[in-house]
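Undergrad: Given chain P, put chain Z in place with the hints provided.
Chain residues, written in single-letter form:
Number of protein chains: 2
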Amino acid sequence: MTNRIAEGARRKPRTKRLRKLRTSIAEKGLDALLLSQPENLRYLSGFTGSSGWLLISGQNVILATDFRYMEQAKDESPDFEIIQTKRELRDWLPGLVSDLGWHKLGFETNSTSYEFYHKLSEAIKARQVNLDLVPTTGIVEQLRSIKEPEELGFIKKAVELVDAVFEQAKTIIRPGITEKEAAWEIEKILRQEGSEGMPFEIIMASGPNSALPHARPTEKIIRSGEPVLIDMGARISGYCSDFSRTLLLGKADKTLQKIYNIVLKAQTTAIEGVESGMDASQADQLARSVVEQAGYGDAFGHGLGHGVGLAVHESPRLGPSSSDSLADGMVFTIEPGIYLAGQGGIRIEDMVVLENGKAKVLSKAKGK
Amino acid sequence: MTNRIAEGARRKPRTKRLRKLRTSIAEKGLDALLLSQPENLRYLSGFTGSSGWLLISGQNVILATDFRYMEQAKDESPDFEIIQTKRELRDWLPGLVSDLGWHKLGFETNSTSYEFYHKLSEAIKARQVNLDLVPTTGIVEQLRSIKEPEELGFIKKAVELVDAVFEQAKTIIRPGITEKEAAWEIEKILRQEGSEGMPFEIIMASGPNSALPHARPTEKIIRSGEPVLIDMGARISGYCSDFSRTLLLGKADKTLQKIYNIVLKAQTTAIEGVESGMDASQADQLARSVVEQAGYGDAFGHGLGHGVGLAVHESPRLGPSSSDSLADGMVFTIEPGIYLAGQGGIRIEDMVVLENGKAKVLSKAKGK
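Just so you know, the protein sequences line up as chains P and Z, in that order. Whatever position you read off the first sequence (first residue = 1), add 131 for my numbering. Whatever position you read off the second sequence (first residue = 1), add 131 for my numbering.
It should be emphasised that the hints constitute simulated quantities derived from the structure, not laboratory data. A portion of the hints provided could be inaccurate.
Identical copies go unnamed one by one, so any copy, or any two together, can satisfy a pair.
What the hints assert, rightly or not - Derived lysine-lysine pairs resembling DSSO-like cross-links, with alpha carbons at most 30 Å apart: (1) 319 to 351; (2) 351 to 205; (3) 159 to 256; (4) 319 to 301.
So that you can see chain P by itself, here it is in the shape it has in the complex:
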């Protein structure tokens, strides 16, 4: 079932990723790193099961998972030592760490629960193992934020699929159909054309519903003269795309026409102005200034965008309070919006990749 040739070719980038990770581990003075975040596992080992652990040191690459995923782990991560776990991690980790002679083990602070950390700490104490648990944040996420050519290839396929389906969506979204029906018609095409599930539930919000940035499709019938906000993505070989347009059906309200043009100008300004080396908060400000100057600053209540890769929301985060900086190889969305409660909202979203210092738009789909 698994395409062995493709798998062989994919091991090479993974070897490179492990090398970079090991440099980070050494720089932080750690003996090893414990990872559980599913996309991080997939990125480093190829393992796609929903439950498992990676333990990476200078010498070892260990994938620990339970009975349910053993066959899959051997198949997807042939270069890893696979351990079948029988009970909780805290039951087997102290012994393993002791055997391997590790004393400083990094863990991921954002995907480790308070409960898990405390139970593991207690187990380590009870077993009298000489081990420090060292908090780390975003080590693998940072590697993941810079896309390799192969990854960019998958992302481009996911973008192209959405581009193609959007052409059909424009005929599906018509007065008389409900939001739910339209979303489901579009999802069926995305899935049939090869998207691996949906990276997120399609947003299909018409009329006043479009003022809810994260609306769920309802039984509301789409009517002429309304704005219809669609936000959808696809997933190819694990990599996501994310795309929004707002269609103004028939003769649209003047205010909506006006805010549409402001949002489009904000987006264009950000796409043209964003540069490698820039703070992500500065990038956000490029678009925000346009919206603020037009008098709608309060109606743009979310960040400008977010990284996209194995996860549909990942590093970098583009927003007023982000501390990320932008670099060549990053792939992210640029999606300003203006939302007027009771009236409607406009969002325009494209994915870009930073290349040679500038943003290149990945989608080919035209505006409205």
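TA: Chain Z only, in chain P's frame:
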């Protein structure tokens, strides 16, 4: 869009839930409880957004969410005080808590990350607020594990939908179709017949793939003589169902026939023997003994079952190391399995509700 009448009727159980929760809060000596787990939020407030916080004290019911979900929050949780958050929780919580005079605030240890807890603790110290963060585990999950009549009604609808679709699935799953095609045909029917998305990706595993308890549908063609394991669910008004059968197509291998009968006997034994008041580990043992006595103990590598409700996996957990106990009103799966690597696997799963001390099977679907 929202059905106001239905919403009004639903407030009553929520008032009762809040009353029970407040008793727990008082018993634990807390001033208030901070909740973030999405199903817990929905259970207590009706709010279905993907990001938000509840703060519950003896006097207050506060729902804090960001710009994207403000309209939705007002609509779904009309009895709650809605706060629009602008920055991180740690930026606004210390001030709010100080204004409300709270000194002991419980938080959920299993849905709070190490990072979040530490940043919040630092913010509280920096603001010199006299507040203890008190770890709590499973307070709302325990309330959720006992289903109210209305909840059971939704669960039954989700079970009935899967029952009906399973009749069609038996004609879709035939030699010549791929696992992926069959899974997609079935998903389309489930969705078209009213399931709100899929509570989990359908498992459709044929031949040796059925030995992988959590297999994903592949391009493999289903052949005569193979076992085909299907595991699927539906969601109605937020509540899930979960159901598995293993079809033996055509003339099945003798070993598979044999293990099928063992799994069926294990399941029947558990369904008949399970009782309110029993430890969940004892319930597991009812089925496990049958499998062990038949010599396949090592091939039943997962727990007997799990609670089902707003989440497809929730309390109670039925497994050898579970510390839960069973009580009237609980709804859970009974799903023993035997998996033989390279050959195939069998799993039979039904949902039951504990009523008058005994298990009542919810699904009507017959075996193979």
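Undergrad: Indicate, hint by hint, whether the structure satisfies it.
TA: Hints, verified against the model:
{"no.": "1", "hint": "319 to 351", "verdict": "both (20 Å within a copy, 21 Å between copies)"}
{"no.": "2", "hint": "351 to 205", "verdict": "between (48 Å within a copy, 19 Å between copies)"}
{"no.": "3", "hint": "159 to 256", "verdict": "both (23 Å within a copy, 27 Å between copies)"}
{"no.": "4", "hint": "319 to 301", "verdict": "both (15 Å within a copy, 22 Å between copies)"}
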